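A.B. asks: Listed here are the chains, written in short residue letters.
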Amino acid sequence: MAREKDSAGGGLLQGTLDLLVLRVLVAGAFHGYAISRRLAELSEDWLSVDEGSLYPCLYRMEKKGWIRAEAGRSENNRKARFYSLTNSGAAQLEIEQEGWQQFQRAVSRILKKA
Amino acid sequence: MCRAIDALREWMQLRARLRDEHQFHLDRAAEEFRALGLSSRAANQAARGRLGSRKNLKLALRELGGDWAGLLRLALEHRVDASPWFQPAVLIMATMLMLFLCPAPRAAIEGIAGQPLAVADRGALFISQQARNLTYVGITKADFESLQSLSGLANVERYLSIHAQARAVKGTTFAAIDSQVRAKTGNPRLRVVPMFERQAIVMGPAKALWEFIACCSVGFLISFRAKFKDVYRWFSYGLAVGCLHSLASLTVWAFAIQLWSRITWSTDGTALLGFLVMSMAYLGVVALQCHLWRHDLRRRCPLCLDSLLLTVTEGTPDCFLLDPASTESICAHGHGVLVETRWSSRFRPQQSFLQLLVHG
Numbered sequence: 001m002a003r004e005k006d007s008a009g010g011g012l013l014q015g016t017l018d019l020l021v022l023r024v025l026v027a028g029a030f031h032g033y034a035i036s037r038r039l040a041e042l043s044e045d046w047l048s049v050d051e052g053s054l055y056p057c058l059y060r061m062e063k064k065g066w067i068r069a070e071a072g073r074s075e076n077n078r079k080a081r082f083y084s085l086t087n088s089g090a091a092q093l094e095i096e097q098e099g100w101q102q103f104q105r106a107v108s109r110i111l112k113k114a
Numbered sequence: 001m002c003r004a005i006d007a008l009r010e011w012m013q014l015r016a017r018l019r020d021e022h023q024f025h026l027d028r029a030a031e032e033f034r035a036l037g038l039s040s041r042a043a044n045q046a047a048r049g050r051l052g053s054r055k056n057l058k059l060a061l062r063e064l065g066g067d068w069a070g071l072l073r074l075a076l077e078h079r080v081d082a083s084p085w086f087q088p089a090v091l092i093m094a095t096m097l098m099l100f101l102c103p104a105p106r107a108a109i110e111g112i113a114g115q116p117l118a119v120a121d122r123g124a125l126f127i128s129q130q131a132r133n134l135t136y137v138g139i140t141k142a143d144f145e146s147l148q149s150l151s152g153l154a155n156v157e158r159y160l161s162i163h164a165q166a167r168a169v170k171g172t173t174f175a176a177i178d179s180q181v182r183a184k185t186g187n188p189r190l191r192v193v194p195m196f197e198r199q200a201i202v203m204g205p206a207k208a209l210w211e212f213i214a215c216c217s218v219g220f221l222i223s224f225r226a227k228f229k230d231v232y233r234w235f236s237y238g239l240a241v242g243c244l245h246s247l248a249s250l251t252v253w254a255f256a257i258q259l260w261s262r263i264t265w266s267t268d269g270t271a272l273l274g275f276l277v278m279s280m281a282y283l284g285v286v287a288l289q290c291h292l293w294r295h296d297l298r299r300r301c302p303l304c305l306d307s308l309l310l311t312v313t314e315g316t317p318d319c320f321l322l323d324p325a326s327t328e329s330i331c332a333h334g335h336g337v338l339v340e341t342r343w344s345s346r347f348r349p350q351q352s353f354l355q356l357l358v359h360g
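Chains as they are written, first to last, in the numbering used here: chain A, 1 to 114; chain B, 1 to 360.
Just so you know, these hints were derived from the structure itself, not from any lab.
Among these hints, one or two may not hold up.
What the hints assert, rightly or not - The list that follows gives simulated cross-link-like pairs (lysine-lysine, DSS-like), each with its CA atoms no further than 25 Å apart:
(1) A:K63 <-> B:K55
(2) A:K64 <-> B:K58
(3) A:K63 <-> A:K79
(4) B:K55 <-> A:K79
(5) B:K184 <-> B:K141
(6) B:K170 <-> B:K184
(7) A:K79 <-> B:K58
(8) B:K58 <-> A:K63
Unchecked claim - Between beta-carbon pairs, the in silico distance windows are:
(9) B:G334 <-> A:R68: 47 to 55 Å
(10) B:L91 <-> A:N77: 30 to 38 Å
(11) B:L99 <-> A:N87: 31 to 39 Å
(12) A:A91 <-> B:G334: 47 to 55 Å
Here the structure is a predicted model, which means the values were calculated and not measured.
Heads up, the beta-carbon is just placed ideally off N, CA and C, and yes, glycines get one too.
Here chain A stands alone, though its shape is the one from the complex (with noise of 0.2 Å):
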């Protein structure tokens, strides 16, 4: 799924990173590489999502139609294809969201009680 940048992990889980494009997304269209950049940013580089994962993930989502995917012009003038969140991709998202959400507090709880 993602390089690993350490031993400590910095690999996705499997499923994760269609909620994180998802969620990036939610601010506006963007094209793969600025998704892939901003993935890294937001995660403090802790996460590298190559295209050879992004890519298949974003071809996916909009064959379910969580996603649409426009031609356009790049900031440097590029062609680019900029990808963009549907209303159903939004519910998918907070499906996503939730799902994590109860995971996480899954896990933690077994953490803390183990």
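Given the structure of chain A, go ahead and fit chain B onto it with the hints provided.
C.D. replies: Leaving out everything else, chain B in the frame of chain A:
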């Protein structure tokens, strides 16, 4: 078939899209490195190093089924081989490919069609004397002058300085011209050949050869479709292998002989040497085919002729004498096991569970 074409188009679009995205990703990363002060070349190298070059693209393509294996899966899913359009499409594509690769495609088409493509070329004739080894050696000056006075011929000229070319007068048949030429010159070795046929023989492939290649293609497709399911599986397999090998070797030979005939050899000796080299290369190709066929046969179950799959490796590679590594392969029907060790390979039938109990 339409669905298959749509799937193919989607597959191609996916590849193009991922390639574009990958390139965009690389360019943007290189721009960032350039902004940090790296030279253009170093920035490109650094971007490729950081993003994993084409490896990531391949991974992405594999994940989405955009690689060649994905295309094969698509073909199987859409049962392309069961479509009635499959065989004609393959034949048309194979013919187009052969014509594309052919050094003289026009001559090849005319040779197959049996007449010149241009109407103006239909009366053109080639006249020359045929030697005992069936090669055309040209005509003498006296014979050439005799041809000029023939009533059935017009525009009699020299062709390649030693032969002659002419145009048949409208209404005169080819047989009449042939008999006129022999009677007038008194030379029984003079031959009158339609010009397109002469060019088809010299420049393009011989008609019979291409027809045989086409027959082999059809035979291979028919036997390939049979999939060795019935009692004639060995016959089908033999036919498929024979047709495929004939097809490959004859196509190689046809192209080689065309190239050989197009080269202007300085002497007969060099031409002969070239021919010998070509023949040896051809024999090499045939030997390679035989090797591939033997290898393929060894990897098939002797009972059902299906490929031996489901491999299991046993033994220790380091322990060469006491516990040598071996690979066992079994066909999908469980007929038997091909055991390949470092020393030998042999086929033994799979023992049934009952037999194993008895022997145990």
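A.B. asks: Confirm or reject each hint.
C.D. replies: Against the structure, the hints come out as follows:
1. A threshold of 25 Å between alpha carbons decides the hint, and for K63 of chain A with K55 of chain B the separation of about 24 Å falls inside it, so the pair holds.
2. A hinted pair counts as satisfied when its Cα atoms are at most 25 Å apart, and K64 of chain A with K58 of chain B qualifies at roughly 23 Å.
3. At roughly 22 Å between alpha-carbon atoms, K63 of chain A and K79 of chain A fall within 25 Å of each other, so this suggested pair holds.
4. Under the criterion of a C-alpha separation no larger than 25 Å, the hint pairing K55 of chain B with K79 of chain A is consistent with the structure, at around 23 Å.
5. Restraint check for K184 of chain B and K141 of chain B: the C-alpha separation of about 14 Å stays at or below 25 Å, so the hint holds.
6. With a CA separation close to 20 Å, the supplied pair K170 of chain B and K184 of chain B stays within the 25 Å bound.
7. Distance hint between K79 of chain A and K58 of chain B is fulfilled; the C-alpha atoms sit about 22 Å from each other, no more than 25 Å.
8. At most 25 Å may separate the alpha-carbon atoms for a hinted pair to count; K58 of chain B and K63 of chain A meet this at roughly 20 Å.
9. Under the hint 47 to 55 Å, the C-beta atoms of G334 of chain B and R68 of chain A, about 50 Å apart, fit the expected range.
10. As the Cβ distance of L91 of chain B to N77 of chain A is approximately 48 Å, the hint placing it in 30 to 38 Å is violated.
11. For L99 of chain B and N87 of chain A, the hinted distance range of 31 to 39 Å is not satisfied, since their beta carbons lie about 54 Å from each other.
12. For A91 of chain A and G334 of chain B, the Cβ-Cβ distance of about 50 Å falls inside the hinted range of 47 to 55 Å, so the restraint holds.
Violated hints for the displayed structure, listed by number in ascending order: 10, 11.
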